[in-house]
Amino acid sequence: MTDQQRPHDAPNPSDPPLWSLTSLYPAIDSPAFQADKLLLRERVIGLERYLDAHEVRAGAASVAGAGNATVLEGLLERLEGAHLTMLTLRSYLAASTAVNAFDEAAQAELSALTPYASRMAALGARFQAWVKELDLTEVARHSGLVAENRYPLSREQLAGAHLLGEEAEDLVAELADTGGDAWARLHNSLISRGTVHGKVLAGGAEGEYGMAELRTLQANADEGVRRRAYLAERDLLQRNELAFAAAMNGVKGQAETLARRRGWGGAFQESLHQNSVTQATLAAMQGACEQRFATLRDYLKAKAWQLGKQQLAWYDLYAPLPHTSSTRYSWNEAKAFVIEQFGTYSLELAAFAQRAFREGWVDAPPRKGKRNGAFCMPVPARGESRVMVNFGGTLGDVFTLAHELGHAYHNDCTYRYGRSLLQSQTPMTLAETASIFCETIVLEGVLNGADDATRLVALEQHLIQATQLVIDIHSRYLFEATVLERRRERELSVPELKQIMADAQARTYGDALNEAERHDLMWAHKGHYYSADLSFYNYPYTFGFLFGLGLYKVYKQDKDAFIGRYDELLASTGMAGAADLARGFGIDIEDEAFWRSSLDVVEERVLAFQLLTERVTR
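Going by my numbering, the sequence shown opens with residue 1, and the numbers climb by one from there.
Hints may contain errors.
Simulated crosslink set (BS3-like; lysine-lysine; CA at most 27 angstroms straight-line) [claimed, not checked]:
1) 301 <-> 526
2) 199 <-> 37
3) 553 <-> 309
4) 368 <-> 526
5) 498 <-> 301
6) 199 <-> 368
7) 526 <-> 559
8) 526 <-> 199
Just so you know, the hints here were simulated from the structure itself, not pulled from any lab data. Quick caveat: nothing in here was measured; it's all calculated off a predicted structure.
From just these sequences and the hints, can you work out the full model?
The following block contains the structure:
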């Protein structure tokens, strides 16, 4: 399959849609796709020749500010062109394979881009090594373009100060395809393609299930279905646990070694730079979270009581509450509700959501070969995004849809404000800002004026998310920190990785989860661990969740003044540090009091949940 079906071509227009990729390219064998492949080659060759012609490498920056400004302007133009072309090609192919892991043609084309990506990484390292020696204040006096990119260029300078020599960086870029990137592809392939055959659904009928389907079934109202789906998932993961352990060791070994050799001190310290936060900020946030673990454990215990248990099992975390009739949403109902609630914030946000649905940006139904979870992919050359969800009709799925559309709106703000790719490099900590904000809008819409049963279901969905983003994310952080520390000495075995995960879950979930029914193979399931270029793909989610809640509180205080400033903030997340952007809204992210204030919202909702459970079940 070279393109995805348009929503209006589906057999039933009310079915969850498949996304359309035709605005990117009509097909892999289309003239437009083939022309961009040739253009990418030309642009990479042109970029390399430009760097050679102007001696762009470490130690070669000239003294004259005007000369450097001219060279730097040419570099920025050529880097933008090459990266835009690469990103469009990769977005199309990654979108194709994300929903169909069996698309061999797209897989092959994606692999064919690897040499270009490696070469661009090496050329990017040369650029960073050269720009780190420039006096940007002086150069900016001679160039408006440089002045506009002052902040992202300063980040490039800092990255350039943590590089190996040119020859070594060339080798690192070339070997990435057969090193960390290869391990990541192995993990993704095994997760996406793996299926298990057995009896999962009620009624005894056998079926074949992929990971995405098994995850969805763990939110089923029938405990037997949830437990069988959980056990089937574990069987699926155990089947390849040796391969997953090898991938983990390969990726983390490479990440930690390179971070230390480049002078960061380790992958954790490098992640702070990548996420545009200080260690003081992270310590303040995590300290506040640890103080509220007990609050969220109280919620989990209240849920266990609702389910008639002393403690929850892992497969109960997403279980719907009994004694309530959980509203099921058709796709059209979910779509209409999200648009309606977005409209309570602004007509522009609602119109944006309508555009995303109308133009086929969303891929909704779970199916074999489709990735688990949800994501949003920017396509800046087209001024578009693509949103993938696994829609099952629950209220949680409605929140997820709003969340991912929030990411797409964030992308749209950068497009509307005319940001370059360099100016749009948003750290993960800020990348969750709009998504959490949009999700909160929808949650507030459900809570306002709803009956007790509906409010209870809505609060439950919010607290499921809060538990994941405060407790579970911290368990993943603890796991990764321990693995990286021990990986410095040697490889870790499957039993060791399982034990580290179990210990991390014990420290965070505590007595709220049955020790015998936790998930010590979550390290094998989560693709976030398998990136050699991006370590600690966890704590930024907690940051984004709590920062988004904090911004929503500011919005509630003065709605009219907030809206315009908020779009500008979203458009500027690659143009200033997190602390500076937060200060513009009166927020100090290095002060634990701010994080406690956001967590107060969570605590209030836990108390409301406990009261409602008693009232609804009387």
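Evaluated hints:
A distance of roughly 26 angstroms separates the Cα atoms of residue 301 and residue 526; the hinted pair therefore holds under the 27 angstroms criterion. Among the hinted pairs, residue 199 with residue 37 is inconsistent with the structure: their alpha-carbon atoms are about 46 angstroms apart, more than 27 angstroms. For the hint linking residue 553 to residue 309, the alpha-carbon distance of about 36 angstroms lies beyond 27 angstroms, and the restraint is violated. Restraint check for residue 368 and residue 526: satisfied, since their Cα atoms lie roughly 18 angstroms apart, inside the 27 angstroms limit.
A threshold of 27 angstroms between alpha carbons decides the hint, and for residue 498 with residue 301 the separation of about 25 angstroms falls inside it, so the pair holds. A distance of roughly 17 angstroms separates the Cα atoms of residue 199 and residue 368; the hinted pair therefore holds under the 27 angstroms criterion. Distance check on the hinted pair: residue 526 and residue 559 sit about 38 angstroms apart at the alpha-carbon level, beyond 27 angstroms; violated. Distance check on the hinted pair: residue 526 and residue 199 sit about 25 angstroms apart at the alpha-carbon level, within 27 angstroms; holds.
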